[in-house]
Amino acid sequence: MTTPIRLLLVDDHEIVLHGLTAILARFPEAVEVVGTVSETADIIPAFLESRPDIVLCDVRLRQGSGLDVCISIREADPEAKVVFLTVYEDEQYLFQALQVGACGYLLKRVDGHELVRHLKNVAMGEIVIDPSLAGRIAASAAHLHRGEFWPGARLGLTQRESEVLELLVRGLSNKGIAAQLVVSDDTVKTHLRGVYRKLEVGDRSAAVATALREGLFR
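Start counting the sequence shown at 29; every next residue gets the next number (my numbering).
Hints in this document: simulated from the structure, not taken from any laboratory. Predicted model only: the values in this text are computed from it and were never measured. Where hints are given, some of them may not hold.
Pairwise CB distance ranges, derived in the manner of DEER restraints [unchecked claim]:
id : residue 1 : residue 2 : range
1  : I99       : N149      : 14 to 24 Å
2  : S212      : S233      : 22 to 32 Å
3  : A237      : P73       : 45 to 55 Å
4  : E60       : S233      : 23 to 33 Å
5  : G199      : A69       : 37 to 47 Å
6  : L126      : R34       : 19 to 29 Å
7  : R198      : E77       : 38 to 48 Å
Capping the alpha-carbon separation at 25 Å, the derived lysine-lysine pairs in DSS-like fashion look like this [claimed, not checked]:
id : residue 1 : residue 2
8  : K136      : K148
9  : K203      : K217
10 : K203      : K226
Don't be surprised by glycine CBs; every beta carbon is placed ideally from N, CA and C.
Start from the sequences, fold in the hints, and give me the full structure.
Here's what the structure looks like:
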């Protein structure tokens with residue numbers, strides 16, 4: 029690269045933004061932070077004003093989804109490059125990120141040199157994925173090959189129903205599931221009724237047995 033990559037950083041934690049800015053400042057010949065955004069409503073205005081080469085964004089934000097942010101950015105500029113930098117080691121998020129047009133999915137434990145190297149590759153037109161996710165990608169590819177975007181999709185489960193079922197398999201109570209997903213107990217009961225109906229079972233133990241038999245969760 030003959031000129032630094034111009035970066036817009038998006039994260040709902042100011043300490044993360046400060047940390048990333050400090051780390052990337054060690055590589056002035058490679059990257060230039062042209063803006064930082066912590067509020068979802070400010071992302072598109074900041075993008076349109078700074079016109080960065082790459083937007084580095086978390087996949088989950090307090091006031092919305094990074095996936096939705098990626099969609100909005102690419103609607104504003106179809107050539108925009110968005111890379112997710114997150115703590116979520118979930119292949120479901122990874123595949124969703126690629127589906128909405130992201131150019132990369134990296135984990136926040138990446139060091140500065142690795143991050144810069146990945147950003148250079150994105151700037152040159154490549155798609156980058158954190159190496160530690162490679163095994164999960166291979167395993168998930170089998171699900172995707174069967175048309176299963178998330179565990180249970182081929183059985184008719186919605187994404188949320190799949191999340192509820194996974195927590196059920198892990199042994200959580202309704203209250204535990206509600207706390208984990210930040211929803212009400214009644215909402216959990218509604219999702220469970222949907223799970224039972226679609227799996228054609230009558231109770232929790234049968235739903236868990238079906239999930240295990242179908243190999244929905246590893």
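Now the hints, each set against the structure:
no. : hint                       : in the structure
1   : I99 with N149: 14 to 24 Å  : holds (23 Å)
2   : S212 with S233: 22 to 32 Å : holds (24 Å)
3   : A237 with P73: 45 to 55 Å  : holds (51 Å)
4   : E60 with S233: 23 to 33 Å  : violated (57 Å)
5   : G199 with A69: 37 to 47 Å  : holds (39 Å)
6   : L126 with R34: 19 to 29 Å  : holds (23 Å)
7   : R198 with E77: 38 to 48 Å  : holds (45 Å)
8   : K136 with K148             : holds (17 Å)
9   : K203 with K217             : holds (10 Å)
10  : K203 with K226             : holds (22 Å)
Hint check: a violation occurs at hint 4 only; the rest are consistent with the structure.
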